[in-house]
Amino acid sequence: MEQQKFNFREIQERPDRLAPGHRMCAGCGGTIAVRNVLKALHPGDKAVIGNATGCLEVSTYMYPYTAYEDSYIHSAFENAGATLSGVETAFHVLKKKGKISSDYKFITFGGDGGTYDIGLQSLSGAMERGHDMVYVCYDNGAYMNTGVQRSSATPMYADTTTTPSGRASDGKPQMRKDLAVIMAAHNIPYVAQTTFIGNMKDLYVKSERAIYTPGPAFLNICAPCPRGWKYDTADIMEICRLAVETCYWPLFEVVEGKWILNYKPKKKLPLEDFLVKQGRFKHLFQKGNEHLLEAFQKETDKRWEELLQKCEA
Amino acid sequence: MAIKTRMSGNEAVAHAIKQINPDVMPAFPITPSTEIPQFVASMIANGEIDTEFIPVESEHSAMSATMGASAAGARAITATSSCGLALMWEVLYVAASSRLPIVMALVNRGLTGPLNINAEHSDSMGARDSGWIQIYAENNQEVYDNFLQAHRIAEHKDVHLPVMICQDGFITSHAVENITLWEDEPIKKFVGEYEPEHYLLKEDESMAVGPYAVSNYCMEAKKAQAEAMVRAKQVILDVAKEFEEVTGQKYGFFEEYKLEDAEYAVVAIGSVCGTAKDAVDKLRAEGVKAGLLKVRVFRPFPGEEMAKALKHCKAIAIMDRSESYSGNGGPLGAELTSALYHEKVTAEVVNVMYGLSGRDVRVNDMEEVFGWLAEMAEGKRTFSQYPYLGLREA
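As you go down the protein sequences, you meet chains A and B in turn.
Reading the first sequence from the start, the letters are residues 0 to 312 in numbering that gives the first Met the number 0.
Reading the second sequence from the start, the letters are residues 0 to 393 in numbering that gives the first Met the number 0.
Each hint should be verified, as a subset may be incorrect.
[Unchecked claim] If you want the ones that stay clear, here's a sample from chain A, every Cβ over 12 Å from chain B, calculated:
no., residue
1, Glu68
2, Ser151
3, Lys176
4, Lys281
[Unchecked claim] Here are the simulated DMTMM-like cross-link-like pairs (lysine to aspartate or glutamate), alpha carbons at most 25 Å apart as the crow flies:
no., chain 1, residue 1, chain 2, residue 2
5, A, Lys98, B, Glu374
6, B, Lys307, B, Glu374
7, A, Lys94, B, Glu194
8, B, Lys201, A, Glu293
9, A, Lys96, B, Asp49
10, A, Lys94, B, Asp203
11, A, Lys95, B, Glu204
12, A, Lys95, B, Glu184
13, A, Lys96, B, Glu374
14, A, Lys98, B, Asp203
15, A, Lys45, B, Asp203
16, A, Lys45, B, Glu194
17, A, Lys98, B, Glu194
18, A, Lys98, B, Glu226
19, B, Lys201, A, Asp131
20, B, Lys156, B, Glu226
21, A, Lys94, B, Glu202
22, B, Lys310, B, Asp359
23, B, Lys240, B, Glu202
24, B, Lys201, A, Asp44
25, A, Lys45, B, Glu204
26, A, Lys96, B, Glu202
27, A, Lys98, B, Glu196
28, A, Lys276, A, Glu293
29, A, Lys95, B, Asp183
30, A, Lys95, B, Asp203
31, B, Lys240, A, Glu293
32, A, Lys98, B, Glu202
33, A, Lys98, B, Glu47
34, A, Lys98, B, Asp49
35, A, Lys94, B, Glu204
[Stated by the list, open to error] Taking CB as the label site, the calculated pair distances span:
no., chain 1, residue 1, chain 2, residue 2, range
36, B, Leu114, A, Gly146, 36 to 46 Å
37, A, Asp300, B, Glu202, 51 to 61 Å
38, B, Asn327, A, Lys229, 46 to 56 Å
39, B, Lys17, A, Val180, 39 to 49 Å
40, A, Glu311, B, Asn215, 56 to 66 Å
Derived by calculation from the structure, the hints in this document are not laboratory data.
Built from N, CA and C at the ideal position, the CB exists for glycine as well.
So that you can see chain B by itself, here it is in the shape it has in the complex (with noise of 0.2 Å):
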């Protein structure tokens, strides 16, 4: 029987690495992801969980902790935000390279500058060549069910590369929303024990990590991890289809929402998306054909697969959570404007700037950038830079 009951992002997370019990989980306290920590080291003290918890130093000791109990056999998992994301940045490539299938709980939060412990995806989306597998959750009930999958797909033979489950700093994770939390023992199963097939503490052999490779053999490395991360795409799918079987709740790269016969399609991540969809309901009561794609994999990019969603539309709205700062847009826009070439579509396509430093977002906001799509879609309004939504004139 599952369990209907209500509770906030952090505590989904933290019912979640409960039900895994994982074996290591180093961890350094930053707002807003402190809570997933604090609600560990109480199940510890508490003796609901067998995990061993390291009181770490500094984000780059956490990480660089969690890299060497995954080399050493253990599953390992932390939870970090923003600059403690950024503090892990030379570790984050080392543990990817190293194929340690290590699991973090990214609450995302804008990196400083000036210093805002708010929603932003600055974060992750900086992180985003790091080699991780990056998994987003529009409210408590995904990120919940997102972790429980992620050391499935980390851990697959054909994968072996860590995951990042991230959550919206406050927007999901400090606000408490219904959820279904699903029965530990069906749940036990399907996550599974951890089997690796080397490591440090094996002890009928020994073994080596974190090499020095010279240019002879270090592209080849590198082309290795780049194909796992494509074969990442079909691991996800088939964790996600078991996941169904178990829990009744779908998942895939990205859930579509009246996108099929949509004209005018807004493309996000994470929290906003429940925004988009009360303006995408309350447009469809007027007549206007307005969708949704929600982006839910970010690492793999699964860009074909959205361009040929999006295909049908006549104005796409790319919205960004995150500055790149190059003069031109931001993350999401720029790869998937790449993808939409590469599939023709010919869709006018704008890319939006939105919700930076936790910047409120509403369903009228979300209108607003419907009317944008109809007159770009008419001719009537061209964008010579990207826009903000919500920007203060004054």
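Pulled out of the complex, with its shape left as it was, chain A reads as follows (with noise of 0.2 Å):
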């Protein structure tokens, strides 16, 4: 694979292959990810991209307009890898066949409604299949397009719509589904999960990486969504450090199989610096919740410790 040096300014003069005019909330995380993903494909590369439904989709291409340079494909919710796959096939076959000559990326994005739940068949096809392609999750942690749903990505004890805080209920009661594990588990060449860190560069490293490397690859983006996790839209890259700071969101890659944690915090920071952050914890911080936050701590110090042993760091 030819990876390119990281520079910071080359990079971000590269135009833009989501153009501005969309219809994405201002701060949306998601619209972060795909930006920089695609900033990653090298000038003048061509791609197809992908799109299960979702926020993104509704809001990238409503007729007669799109935001994207490249082709791009939706077809529907739960089928962004196998649809992605037919293309990455007709693809082959129309280079076997001399009927095109160039060479194309192909890159999917979908939300982790469309990937860890409703897509996940869709997508572990795909990857078990070994189409040359990208799956890109943007996971904001619950159904956000339809209003805030409770997703098997969302966080324990999170405020959702399906899974309200009251005076009966302390928010989701289950731990959330650690899908870049279960990607790593189907032995595909790259599995990598990154999120929005000082000048970007993980997010940049790993984009390039997974587009470059010949075979499937899976790349879990951690993308804050302002409306459903209730912060101000200016402080998404704080809380985004945070996330990474307290290690509720490791960075790390998985490369042929072989763990590599990409950083770790000098000083771990306690859970609750990220969530105290968010008002979809907010119940988790009145007298006499002290046990949930204790609990949550528990289970991200477990994870992260799992994720050491798995890394040999």
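Each chain sits in its own coordinate frame; assemble them with the hints.
See below:
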């Protein structure tokens, strides 16, 4: 794989492949994810972009306008993996038959609803069959497009519209599904987890690696949603930093089965620091709910320790 | 030189696929269509075709991948039956509204409830409003010929709609019968190369497929799609005419069997028409003016043409191999009765439910139906409900 040197300025000066004028919310993490993943396509390289139904789809390709510079396909909610695997296969046949000469990259985006839940089978199938494509999950931890319902990516105790906190409820009772581990268990060449940190180098490097690694790759990007998480729009970078510094959202890669930890905080911050910024966890800070914070911290610690073992870090 | 041989309906479809040499075929096995992807996989393994097979993990993904491949610019096909088609449901509509010229081999089998693997039309009839062209076959020869014509219809600039080529599970798909196969050269020339105008992998332009369309635009898109279905009627006839020039085989919207002067007519779809023809022959020998209208094209629905062909009849039995659970009969019954009304046909009409879940229909069963028609015409029999043919009484 020809990985290019990270040159922040050069990369930021590359023309956006997701054009402005789309209808995503101001400060949406999904849009930041898409713009930056597509920046990792080397200038001049062609791509076909896939998309599961969700906020991103209904806001970036609203007839008769598309925000995408590249060819783009959306068909339904649960089939982004399968749809793009058809496109990728068509590419191989048309190339073999001499009907096209250019090379293409295949990148598909889905939220956590379309990826962790309704689209998991289609994603698993596409990865297992070995299509040369990248599946990018912009994980905002709930079904945001339909109005903040819980998903299997929703963190424990989060207040959502289908797991509301109340006198008889602590919010979502279950822990979050660890999709990156499930994808790594497919033994595909590349799996990575990232978010928006600093100058976006981690996101860029992983996107480039995912796109230019032959075979299937999966990227899981923590992409906060100001409406669902209930924080000030301007705080997104701080929220992401705290997700990483509290080890709620560790940065790691699985390259050809080898687990690599990309960042280990010098001093792990308490989970509270990440939670307190978000309205969806407000109830955890009420008197008498200390045990919930404790339980959530314990679960986060356990997962972090497991990751350290996998990475031998 | 045409080749006279014998094969099953599934083999016939596979032979058509071999001659067409499509680009991509995603499929998931389901009885009784499983053999089709198996045959294709063998042909690929033996280096006989250039097709890429995608062994998807479900029918939903089969239709999704077929859609992706077609949008990308490839000639894409798939095959399924019954619950497989039901699982594709959502994407059937998306594929049709995206105006993708996909061709599907559908081997008709009943939808589950109870689970049964035999011939019934509830799968394709359930999908009758999904925007797909539907062409049905009586036997292996017809399913082969229909499949060879499908791409020409689907890809025509006036149409751009997906096509379902239907045959009856087991009765047609697995029964081995005589067949005439056409030579490769003229067939390849007839089918032609696929040259789409716009597609995802077109190198000098990008395109977007599958938008969110607000109410200001969506209704126009649906009207445009409906008009394409209307235009498909002429294209189906034109393609059939060209196919006749190559093979000598004659096809239209439907076949009229001894219908011209018939007093009593049966209207049916699929393999039962062979049985009905035997009954017609037998009754004709006895001096009864019996006839058959065999529906080949169900979508677009040639209602006006069928009603005109039936106008002179005294009594008509419309046969359905699919329950609508409307309490009012089956889909062919409902749509054809409506067409008869518009043509002011005054014949007695009965909608007959037959062959559900593979229930056998014999020549004497069809004779019984013609007997009902004679009685209806003479005012000696009326049906308060739509009758079930061959139902066990106890």
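So, going through the hints one by one against the coordinates:
no.: 1; hint: Glu68; result: violated (7 Å)
no.: 2; hint: Ser151; result: holds (19 Å)
no.: 3; hint: Lys176; result: holds (19 Å)
no.: 4; hint: Lys281; result: holds (33 Å)
no.: 5; hint: A:Lys98 / B:Glu374; result: violated (63 Å)
no.: 6; hint: B:Lys307 / B:Glu374; result: holds (23 Å)
no.: 7; hint: A:Lys94 / B:Glu194; result: holds (15 Å)
no.: 8; hint: B:Lys201 / A:Glu293; result: violated (56 Å)
no.: 9; hint: A:Lys96 / B:Asp49; result: holds (8 Å)
no.: 10; hint: A:Lys94 / B:Asp203; result: holds (15 Å)
no.: 11; hint: A:Lys95 / B:Glu204; result: holds (21 Å)
no.: 12; hint: A:Lys95 / B:Glu184; result: holds (22 Å)
no.: 13; hint: A:Lys96 / B:Glu374; result: violated (63 Å)
no.: 14; hint: A:Lys98 / B:Asp203; result: holds (13 Å)
no.: 15; hint: A:Lys45 / B:Asp203; result: holds (11 Å)
no.: 16; hint: A:Lys45 / B:Glu194; result: holds (21 Å)
no.: 17; hint: A:Lys98 / B:Glu194; result: holds (10 Å)
no.: 18; hint: A:Lys98 / B:Glu226; result: violated (31 Å)
no.: 19; hint: B:Lys201 / A:Asp131; result: holds (19 Å)
no.: 20; hint: B:Lys156 / B:Glu226; result: holds (13 Å)
no.: 21; hint: A:Lys94 / B:Glu202; result: holds (12 Å)
no.: 22; hint: B:Lys310 / B:Asp359; result: violated (30 Å)
no.: 23; hint: B:Lys240 / B:Glu202; result: violated (36 Å)
no.: 24; hint: B:Lys201 / A:Asp44; result: holds (14 Å)
no.: 25; hint: A:Lys45 / B:Glu204; result: holds (11 Å)
no.: 26; hint: A:Lys96 / B:Glu202; result: holds (15 Å)
no.: 27; hint: A:Lys98 / B:Glu196; result: holds (13 Å)
no.: 28; hint: A:Lys276 / A:Glu293; result: holds (17 Å)
no.: 29; hint: A:Lys95 / B:Asp183; result: holds (22 Å)
no.: 30; hint: A:Lys95 / B:Asp203; result: holds (19 Å)
no.: 31; hint: B:Lys240 / A:Glu293; result: violated (77 Å)
no.: 32; hint: A:Lys98 / B:Glu202; result: holds (10 Å)
no.: 33; hint: A:Lys98 / B:Glu47; result: holds (20 Å)
no.: 34; hint: A:Lys98 / B:Asp49; result: holds (13 Å)
no.: 35; hint: A:Lys94 / B:Glu204; result: holds (17 Å)
no.: 36; hint: B:Leu114 / A:Gly146: 36 to 46 Å; result: holds (38 Å)
no.: 37; hint: A:Asp300 / B:Glu202: 51 to 61 Å; result: holds (52 Å)
no.: 38; hint: B:Asn327 / A:Lys229: 46 to 56 Å; result: holds (53 Å)
no.: 39; hint: B:Lys17 / A:Val180: 39 to 49 Å; result: holds (44 Å)
no.: 40; hint: A:Glu311 / B:Asn215: 56 to 66 Å; result: holds (58 Å)
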